[in-house]
Amino acid sequence: MRVALLLAPALSVIVVLFGGGMAVAVSRSVGWMPVIGLTDPSLAAYAVVFADPDFWASFALSLHIALTSTALAAVLAVASALLLRHSFAGRGIVAFLFQLNLTVPHLVGAIGILYLFSQSGAFARLAYQAGAIAVPGDFPALVFDPYAIGIIAQYVWKEAPFIGLIVLANLQSVGEDWEGVARSLGAGPWQRLRHVVLPMIGPGLVSACAIVFAFAFGAYEIPALLGASHPPAMPVAAYRAFTDVDLAQRPRAMAMSVVIAVVAGVAIWAYLRAARRA
Amino acid sequence: MTDGLWSRRMRLLGGLVLVTWLMLPLIPLGVWSVARGWFFPDLLPTAWTLEPWRYALSDVGGVPGSLGVTVGIAAGATLLALIVGVPAGRALGMHDFRGKRLVEIAILAPVIVPGIAVAMGLHAVFLRAGLTGSVWGVMLVHLVPVLPYVVLVMAGVFANHDPRLEDQARSLGAGPVAVWWHVTLPAILPGMAVAALFAFLVSWSQYILTLLIGGGRVVTLPLLLFNFATSGRNDIAGAIAVIYVLPGVVVLAVTARYLTGRGVALRGVAR
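Residue numbers (the numbering used here), protein chains in the order written: chain A, 1 to 278; chain B, 1001 to 1271.
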């Protein structure tokens, strides 16, 4: 009873704002709007969305962005965590920058990447000074590009420290005794990583990766700034449909945001599954 | 014991590469904010100026007003989240009850589900309630990521809180208010301060929630920053970006020791 009273205010806010928002998105995506007399739900918006090759292009692009960013960030995070668990000159600075990075908003990282990677950016200028290119157009397109290189670079830059700090904490709480045992049994460094370290940090790594994956799939401002205009990433496509002057696009926008939520649902499932093993 | 994969020299090299990579995207922002005419292919600006800063700090560009709106929304959302979130944190941190797992999932979901999915649906509700395009509406929608964050951090804080202190105070005749004010609050205050600071940063970083619910009429700092960055004013965008990262640096300086992978404090900041 007491517990229910303690939980009630927070749960009501979450149910109304989050649950309500999701419920309205779903009901509008199936065209169920009793207030204006639409009481006949249909999957028409989904049929239109799923028949549209542009939707699948956006879906594939966002999946590529989320998978590639998460995988690269995870590898970098594990390598950095293995580095940071030992003392070396400058460890304090690296650890501080790792933490600092977490507080920098994604948008700032994205603008920084833009000024580094664009065809008149810092890297292009370095290439010119090195004699590799003559005009900005010679520099490869690393932002607004079909492979989403700039977007992925931003996510990896921002999320590797996030995953890294979680992995580092796991490494420190497990200690190095098991690795010592494996070493005395003749296991090489890669064998120790594969059979001792990775299984122990696995749950923490997977749950952090689930958060990063869902974010990279559904965040708007990074692909809006760094992405090619066609095809747009899923959240950008959904936003464009939502703000289209043609109000008939609204149900399609809702359907796309429901798809984003479903993908996030898979990430939640992976997170919970990993958390149970932890 | 040395790690087989990182020899001593490799460790130093690895550290150096890591530092460079972590700093790299932030450097051009700082340089642009004091650059006059920095054109391709110059590696450094031909002249230095404080003009972007003068512009950013004057009322013309709208930065001071936007700064006030952003701070107000973040402070308001944080306060609301603390009021409803601290009791819930206590329930999750100190009690076992039926359906606890379900409650945890309900609190985890808004952390993971991207804001765009929630905000599009909420837009219709807020429109009806007259909350779109208003600071209050934006503050409310910021609760979606901020509140779960506060609950999770406070659950961690209360998990280390000893209820026997409260029992002792009660047995000495203290009423509920006195127990809360003289025993509970002082014990959880450091953890609550960390929760508040990071809750502030979570709201501070929001983009799409503000854009959708604010409808372009509530211009927080990230919206302004995006506009300057996409209109090619790199110098002013650089100055705003520097202003925009400052609170994070301050919060980090105050709380660095709490921001490890062990605490939940960092979970929400990834967004």
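Note that these hints are calculated values from the structure, not bench results.
Values in this document were obtained by computation on a predicted structure and should not be read as measured data.
Think of the CB as a built atom: it goes at the ideal place given N, C-alpha and C, for glycine as much as any other residue.
Do not rely on the hints blindly, as some may be mistaken.
[Said to hold, decoys possible] What the simulated footprint calls covered on chain A by chain B, stretch by stretch (three residues with Cβ under 8 Å from a Cβ of chain B suffice, anywhere in the stretch; the number is not a length):
1) 22-31
2) 86-96
3) 100-108
4) 112-124
5) 142-152
6) 218-227
7) 253-263
Status of each hint after checking the structure:
1. For the region 22-31 of chain A, the proposed coverage by chain B is satisfied: 6 residues have a C-beta within less than 8 Å of a C-beta in that chain, meeting the threshold of three.
2. A stretch counts as covered by a chain when three or more of its residues have a beta carbon under 8 Å from one of that chain; for the region 86-96 of chain A and chain B the count is 8, and the coverage holds.
3. Requiring three or more residues with a Cβ within less than 8 Å of a Cβ of chain B, the coverage given for the region 100-108 of chain A holds, as 9 such residues are present.
4. For a cut-off of 8 Å, the count of residues in the region 112-124 of chain A with a CB near a CB of chain B stands at 9, and the three-residue condition holds.
5. For a cut-off of 8 Å, the count of residues in the region 142-152 of chain A with a CB near a CB of chain B stands at 0, and the three-residue condition is violated.
6. With 6 residues carrying a beta carbon less than 8 Å from a beta carbon of chain B, the region 218-227 of chain A meets the three-residue requirement, and the given coverage holds.
7. Judged by the Cβ-Cβ criterion of 8 Å, the region 253-263 of chain A is covered by chain B as claimed, because 6 of its residues qualify and three suffice.
Consistency note: the structure conflicts with earlier hint 5 alone.
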